[in-house]
Each structure stands twice: as structure tokens, then as C-alpha cells.
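A.B. asks: Based on the provided sequences and hints, a complete structural model is requested.
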Amino acid sequence: MKFAILINEGPYTHQASDTAFHFAKAVLARGHEIFRVFFYHDGVNNATRLTTPPQDDRNIVDRWSKLATGSELDMVVCVAAAQRRGIVDDGEMKRNGKDATNLAPGFRISGLGQLVEAGIQADRIVVFGD
Amino acid sequence: MTTKKFMFVNRKAPYGTIYAWEALEVVLIAAAFEQDVSLAFLDDGVFQLKKGHQTKDIGVKAFEKTWGALEDYDVTKLYVAQESLAERGLTADDLAIPVEVLSRAEIGKKMEEQDVLLSF
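Here the protein sequences line up with chains A and B, keeping their order. In this text, residue positions in the first sequence follow the working numbering: the first is 363, and each later residue adds one. In this text, residue positions in the second sequence follow the working numbering: the first is -5, and each later residue adds one.
Read the hints as simulated data drawn from the structure, not as lab findings. It is possible that some hints are incorrect.
Restraint ranges, calculated between C-beta atoms of paired labels, are given here [said to hold, decoys possible]:
#1 B:Gly46 <-> A:Gly453: 38 to 46 Å
#2 A:Ala442 <-> B:Gly62: 17 to 25 Å
#3 B:Lys50 <-> A:Gln417: 45 to 53 Å
#4 B:Gly62 <-> A:Thr431: 39 to 47 Å
#5 B:Ala63 <-> A:Gln483: 20 to 28 Å
#6 A:Thr381 <-> B:Ser97: 27 to 35 Å
#7 A:Leu390 <-> B:Ala63: 34 to 42 Å
Yeah, the Cβ is synthetic: ideal placement off N, Cα and C, and Gly gets one too.
C.D. replies: Structure representation (C-alpha cells):
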């Protein structure tokens, strides 16, 4: 089956991203396909490479990055939600005159059309949020 | 393009969190993609539709004007849970735009008909 995943909450504060991660791994382990993981609302905060959790805790951002590079997962961060919360890639830095970027490897910033497309293309879209 | 039935489930009050506002942004994009869009308002989500929001003093954009945009995008299927209205002392007359008031069970049936359910 072809899944899409929507994550609406940030890391650590809320379990949504953890649960989505375990779900994504299980989906792939069972041989299903993930069309896209879309990060929205505070979910965009899962994509900052500046996250530095204590060493004895899981690194939620790195975990997503590794999953993406290991399985060619398409992980998209909503541009409007990212702009509000200061998640920046090279393009956004130039466009908005910022002096830094913080998008973690494996993520890309794009529009809400990518979420709607995921809804259209996937057999199931599963929402992780509050 | 494939057309699917998208339902957006709005459960949160309008200004305490950003969910309602960012949900509306997805609704408009889905409509722009010419999908079959409907909205359900449950629980505190019914407050999003109440008329007479005065948000100037909290520095936040009010919803009421934006609801008008839904019709421009041909989004006319708005379902509101009767129980959620009643629990909050509201009726359809308190709402800013015309809606279809349904029981929770009836909204449940509408949900069963959808291809994509996004809950905010």
C-alpha cells in the first residue's frame, strides 16, 4: 500500500513525531511505500539541524534525516509554516534576506500543494497530531 | 487530475492555537487543486464560525472575512455538529456563514464517504 504521513507537532513536546517515525519504519519494514512525509504546523520544527538533545536521549531530527537518506523518503516541510517558525534553507535565506540556514539533511521546503498531492496520490494519509 | 473527497475536520477554537488558521490555508489549496472539499466543525471548532469576532486588540487576523473566500473557491459543504453547538449554547443563527447542522452520527457517516480526512 502507498502511504502518506502528515506530522502536525514538533519534537519532544509532543509524541506525534515519535509515533509517526515508528509508524514510518514499520510501514517500510513491511514492504509498503511512503509517498511523502509532510511536516505542518509546529511539525516543521522536526526539520531544524540545530536541535541538540541530551546525549542519553533520542535525536528526533537526526533520526528522520537518517531514515530519509537510507530509504529515499520524501520529507517536505511546509514553506508558510516554516517561515513563521524560522526553518530556513538556502532559497528561503536568499528570498527573505536572512543570514543563516538550519534545514536538516533529507528535508526540503515546499508548498501546501505537496500535502494535497500526497492526499491524492497515496492510498492512505495518516495524520499524527494533537 | 484525480479528484478525491477531502474532508477537513476542525476541532480547535480559533485563536488560542494556530491550528484553525493553518487548516484554512490547506483548505484553500485543496480547493485550488479542484478537489471535492468539505469541512466539518466539531467540539471547540464551532467557535471558528461564530460571528462578531473582535480580534483587533489581540493583534490577530479575524476569521470572519476569510470564510467569504470559501465560496469563491466553490467550497460550500460545511458541516457543523449539532451537539457541539448545543454544548456551547450556540445555534446556527450565531454563525457567520450558512452551514449544514448535522448530528455527530451524521457527520460520522460523511467521514466514511471521504478519501482523505485531515484533522486539525
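A.B. asks: Hints first: check each against the structure and report whether it holds.
C.D. replies: Results of checking the hints against the structure:
no. : hint                             : in the structure
1   : B:Gly46 <-> A:Gly453: 38 to 46 Å : 41 Å, holds
2   : A:Ala442 <-> B:Gly62: 17 to 25 Å : 21 Å, holds
3   : B:Lys50 <-> A:Gln417: 45 to 53 Å : 48 Å, holds
4   : B:Gly62 <-> A:Thr431: 39 to 47 Å : 45 Å, holds
5   : B:Ala63 <-> A:Gln483: 20 to 28 Å : 26 Å, holds
6   : A:Thr381 <-> B:Ser97: 27 to 35 Å : 31 Å, holds
7   : A:Leu390 <-> B:Ala63: 34 to 42 Å : 39 Å, holds
In summary, the structure agrees with every hint in the numbered list given earlier.
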